[in-house]
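Visitor: Based on the sequences and whatever the hints tell you, model everything.
Those sequence lines, one after another, are chains Z and S. With the working numbering applied, the first sequence corresponds to residues 676 to 893, in that order. With the working numbering applied, the second sequence corresponds to residues 474 to 704, in that order.
A couple of the hints might just be wrong.
Stated by the list, open to error - EDC-like cross-link-like pairs, simulated, lysine to aspartate or glutamate; straight-line CA separation at most 20 angstroms:
#  : chain 1 : residue 1 : chain 2 : residue 2
1  : Z       : Lys796    : S       : Glu479
2  : S       : Lys576    : S       : Asp490
3  : S       : Lys571    : S       : Asp551
4  : Z       : Lys796    : S       : Asp490
5  : S       : Lys701    : Z       : Glu788
6  : Z       : Lys870    : S       : Asp696
7  : S       : Lys576    : S       : Glu609
8  : S       : Lys576    : S       : Glu499
9  : Z       : Lys796    : S       : Glu609
10 : Z       : Lys796    : S       : Glu499
11 : Z       : Lys864    : Z       : Asp750
12 : S       : Lys571    : S       : Asp490
13 : S       : Lys571    : S       : Glu531
14 : Z       : Lys796    : S       : Asp636
15 : Z       : Lys864    : S       : Asp696
16 : S       : Lys481    : Z       : Glu719
17 : S       : Lys481    : Z       : Asp801
18 : S       : Lys701    : S       : Asp551
19 : Z       : Lys864    : S       : Glu531
20 : S       : Lys701    : Z       : Asp801
21 : Z       : Lys796    : S       : Asp486
22 : S       : Lys481    : Z       : Glu788
Said to hold, decoys possible - Taking CB as the label site, the calculated pair distances span:
#  : chain 1 : residue 1 : chain 2 : residue 2 : range
23 : Z       : Leu763    : S       : Ile478    : 51 to 57 angstroms
24 : S       : Asp597    : Z       : Thr682    : 56 to 62 angstroms
25 : S       : Ser509    : Z       : Thr816    : 29 to 35 angstroms
Unchecked claim - Which bits of chain Z does chain S cover? Going by a derived footprint, with three or more residues having C-beta under 8 angstroms, they are:
#  : region
26 : 736-744
27 : 784-797
28 : 801-815
29 : 835-842
The hints are simulated quantities; they were obtained by calculation from the structure and are not laboratory data. All values reported here derive from a predicted model rather than from experimental measurement. By construction, the Cβ of each residue, glycine as well, lies at the ideal position given by its N, Cα and C atoms.
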Amino acid sequence: MPTINLTDNTRGKYHASGYTYEQSATENVGFSCTVNTGSLGNWEISTDGTWNGIDNCSVSATSGSNGNTITITPDIHASSYAVFFRILNTPRAALLCGSISRASTPTATYGLEVYNSSGVKIISPDSWLTRFAASGTVTQTINAGATSSAINVSGMQNNNSWDVLISQVNLSLTSAVGYVVLNNITVNKYSGYFKITNNNSAGTSSSINNVNYLVTRV
Amino acid sequence: MSYGIEIKNTSGDIIIDEKHANYYLETTSHQSASPSSTYPPSGTSSTDLIFARPANGENKTVSVRYLNTTSNNVKWADGSNQYPSSKKNFAGAPTSYKYYRAKKYSDRSVPSGMGLQVFGSNGDLYFTTTDPNSIEIVAAGNSQGFGHVTFPSTSGVYTNLGDYYCLMNTSVYNTFSQDGFGLEYSNFYTYEWTTSTSGRIKVTGEFIEGEGSFDYHNPARFDYMIIKVLG
Chain Z
676 MPTINLTDNT
686 RGKYHASGYT
696 YEQSATENVG
706 FSCTVNTGSL
716 GNWEISTDGT
726 WNGIDNCSVS
736 ATSGSNGNTI
746 TITPDIHASS
756 YAVFFRILNT
766 PRAALLCGSI
776 SRASTPTATY
786 GLEVYNSSGV
796 KIISPDSWLT
806 RFAASGTVTQ
816 TINAGATSSA
826 INVSGMQNNN
836 SWDVLISQVN
846 LSLTSAVGYV
856 VLNNITVNKY
866 SGYFKITNNN
876 SAGTSSSINN
886 VNYLVTRV
Chain S
474 MSYGIEIKNT
484 SGDIIIDEKH
494 ANYYLETTSH
504 QSASPSSTYP
514 PSGTSSTDLI
524 FARPANGENK
534 TVSVRYLNTT
544 SNNVKWADGS
554 NQYPSSKKNF
564 AGAPTSYKYY
574 RAKKYSDRSV
584 PSGMGLQVFG
594 SNGDLYFTTT
604 DPNSIEIVAA
614 GNSQGFGHVT
624 FPSTSGVYTN
634 LGDYYCLMNT
644 SVYNTFSQDG
654 FGLEYSNFYT
664 YEWTTSTSGR
674 IKVTGEFIEG
684 EGSFDYHNPA
694 RFDYMIIKVL
704 G
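Guide: Dropping the structure here:
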């Protein structure tokens, strides 16, 4: 059981990075960890809107006190998970992250297998493939801090089986001292569509336009 | 479903159906690109996927880089800018990128021969067993919350690291210097080959803001995919 240590006052240090959890045969088994805050107060998992403090997993609690134990269950449709712990009004924070490997040996005992013309097995019940869903260009200008209108994708759902790949972002800079954090862009998925948010700071000539997108399913 | 075909894996994911075209590898062997050469390669369509790795045996980082802020001047990363640097856990650019371009089956003509073929309801080819090699995903997902993560989570699974390639379509890093303020802003989206630890691939998504050794490190959003080439 890992311990998330929030007592170190080294600024910006991620104490618990790198803990890994191996996917089991039953695939959805969680693991427990203890959150240590010493005498500094209660901890919480960040939900401050900058990014989701619970990524590709679920947790049994989002706040607690020193020594509390929580259970983290990774999402089997993704391959990584992360949980961001912090103590309010202090610089103390910790990032717990890890990966879950797809089964290294086949687990299925029945189902379809397909071999190609070279005799190589290319499909089995344990296979995971990517498929094309949609592509296009968002021509509207998205100003700093603004969100695009809906980009429709038939059948889309807000889950990890849908990926929206963003590329070739055209920038609109009018000032020599302006700057744009190019991929400081958030894609939010909904039922049947997605939206793009430009998270760059206002007042820095950081609008974006002509964003190319490619939607795939896994 | 009222008609058609669906093939699901043991996790319940649909891997073949008549609604979405699968991807195939355009060439039977990988192609090469030099660091700082133009990305994506000539002839790439907006619906193509690019998968890359370092040259054989190199423990290096693969990424693509936007060279300036005013145009789409995108190159295969050469590591010459300040970020990423070795002190930021960047292993440096490979001597040569090895890559495959994957295209939709619906982009090609229907091959002859025997085997299984699946067509979409529009009559386009969506899958065929004719090709000599194929793609299998070994890791995929998106993250907004980690500094780096390593695949596989235990060593010894990737027995031949040269068979594994990473999706480059959203693998970008960029650096902006803001004169007068002395600050630099950088996003890292990279994959690093770590053969020294029994064949693993480290995925990094990180946003850095700072100057010199005084940096803020924050997690950045990253869509990643690692594939194994079969055949």
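Visitor: Please list, smallest to largest, the hint numbers that this structure does not respect.
Guide: 12, 16, 18, 19, 26
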